[in-house]
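Given two chains presented individually in distinct reference frames, assemble the corresponding complex, making use of the accompanying hints.
Spelled out, the chains give:
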Amino acid sequence: MEQKTKVAAEEGTQEIIMTREFDLPLELLFKAYEEPDLFEQWMGTKVLKMENKKHGSYCFETSYNGEVVFRANGTIHEFIPNERITRTFEMENTPFPVQLEYLEFAKLTDSTSKLTMHMVFKSVEFRNNLLAMPFAQGLNGAHNRLQDLLSNQHHEEAK
Amino acid sequence: MKLRRDVFQAIADPTRRAILLLVATQSMTAGAIASNFDTARPTVSKHLQILTACELLEQHQNGREVHYHINAKKMKEVADFIEPFRQMWDERFNKLEVLMKDYKKPSP
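Residue numbers (numbering that gives the first Met the number 0), protein chains in the order written: chain A, 0 to 158; chain B, 0 to 107.
Treat the hints as calculated values from the structure; they're not laboratory data.
Treat the hints with care, since some could be wrong.
[As the list claims (entries may be wrong)] Pairwise CB distance ranges, derived in the manner of DEER restraints:
1. A:Asn81 / B:Thr51: 23 to 29 Å
2. B:Gly30 / A:Glu103: 43 to 49 Å
3. B:Arg91 / A:Lys106: 34 to 40 Å
4. B:Lys45 / A:Lys5: 26 to 32 Å
5. B:Arg91 / A:Glu50: 20 to 26 Å
6. B:Glu82 / A:Pro94: 42 to 48 Å
7. B:Gln60 / A:Glu103: 38 to 44 Å
C-beta atoms are modelled at their ideal positions from N, C-alpha and C, and glycine is treated no differently.
So here's chain B without its partners, still in its complex pose (with noise of 0.2 Å):
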């Protein structure tokens, strides 16, 4: 129970749901992640240590680097993080629907 109140306190936090959002696209270093915001890079470090602590992110070796990237995995268990893309379709689908029920052949 703990553990799932650290998760929604670490996505509580806008600079750390900015670096989500980041790192959904690609992994990133450290370095790279802390070139996107003003805030000291110390500060970015401690934002990813929470996001790692909580395993919302995940660390691989990569040669000398370090990279982050989401734990699917993770954001399945707090948040069922497919269900957005779901409905990202499905509100999609639905005006498709919609518009074709009213389509009417266009007159010669």
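Chain A on its own, in the form it takes in the complex (with noise of 0.2 Å):
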């Protein structure tokens, strides 16, 4: 089976380009991107700013058990509905420089679309690091399940 989402990183290239089609029509895939709670509720992330126009900037943090533990940020170059947003992004306290991103969206028929996501980076090592975190992530995810799940024990035996 042909894979929705596509991820393009060529070999000592600093950009990866991921594709992906949707069956939505290109209003509500734009809308998706477009409005705070809906954001909110995809990425999984809340929305502390976003302001969708020339100039603007976003904002948003991510917790886990109440605690903070990924915030981003950036600025919106363009703001195009229903065809592109231009914007970089920042993670906010790791090592990675700011990256660029430009987001295209497009019609292909009325109840599908398509997003091309581009995005460019200071090195080919940064965008090869941002590439394996899932990965590395991955590799430690067993683990710390184990772990939540034996501190969650823990806590339920502690009462």
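Pasting the structure below:
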């Protein structure tokens, strides 16, 4: 079966190009990016700020067990509804430098659409490091889940 | 085949997995890596040696310091390291799709 989400990261380049086709009209796809409360639901993050306009900025954070584990922000350079968002993306408190993101929204048919996300990094190494993060976290995931389980049990016993 | 088995043995160890996770975000010196563990420094050095020998880590000279970083090419060979990244986004986009299929314009 063909994959709906495709990731292209050519060796030796400092970019990632991701494409995804949606069984959604273009307007609904764009709305999921435009409305903070919708964005929060599918990205699993809390939107602190989202100014969808040229020179606007955004900020979101993700908490886990009541603790902020991830925070990111950026500036919007272009915001053309149902067409394009150009923005910077910066993860706070990490060694990653700011990256540039081009999001292109395109209509395929009346009921389908396509998103192309083009990310540009400061260096090949930072690009590779970002790609490797979910892989490395996956390696640790099983271990962490076990720890969570054990510490939860511990809490239960302490009650 | 021997090398392949070695790679999987290398990532089967929790300390070595933790080292890979550490250097996934930035290249680091052996000392900086060791400071993240309670383990004795020679033990961490041994882990670094194993990870470097099976090419999961690469060393590069940075002035007088040796930095370790992930060898993306090798990671791709052993486990297609892009796949978890793709899956992470695929899951987000699947959620978006389900969410918006149910979306009804808020009544005024």
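Hints and how they fare:
1. A:Asn81 / B:Thr51: 23 to 29 Å: violated (50 Å)
2. B:Gly30 / A:Glu103: 43 to 49 Å: holds (44 Å)
3. B:Arg91 / A:Lys106: 34 to 40 Å: For Lys106 of chain A against Arg91 of chain B, whose Cβ atoms are near 21 Å apart, the range 34 to 40 Å is violated.
4. B:Lys45 / A:Lys5: 26 to 32 Å: violated (40 Å)
5. B:Arg91 / A:Glu50: 20 to 26 Å: holds (22 Å)
6. B:Glu82 / A:Pro94: 42 to 48 Å: 24 Å Cβ-Cβ, so the 42 to 48 Å window is violated.
7. B:Gln60 / A:Glu103: 38 to 44 Å: Given about 41 Å between the Cβ atoms, the range holds.
The structure fails hints 1, 3, 4, 6 (numbered hints given earlier, in ascending order).
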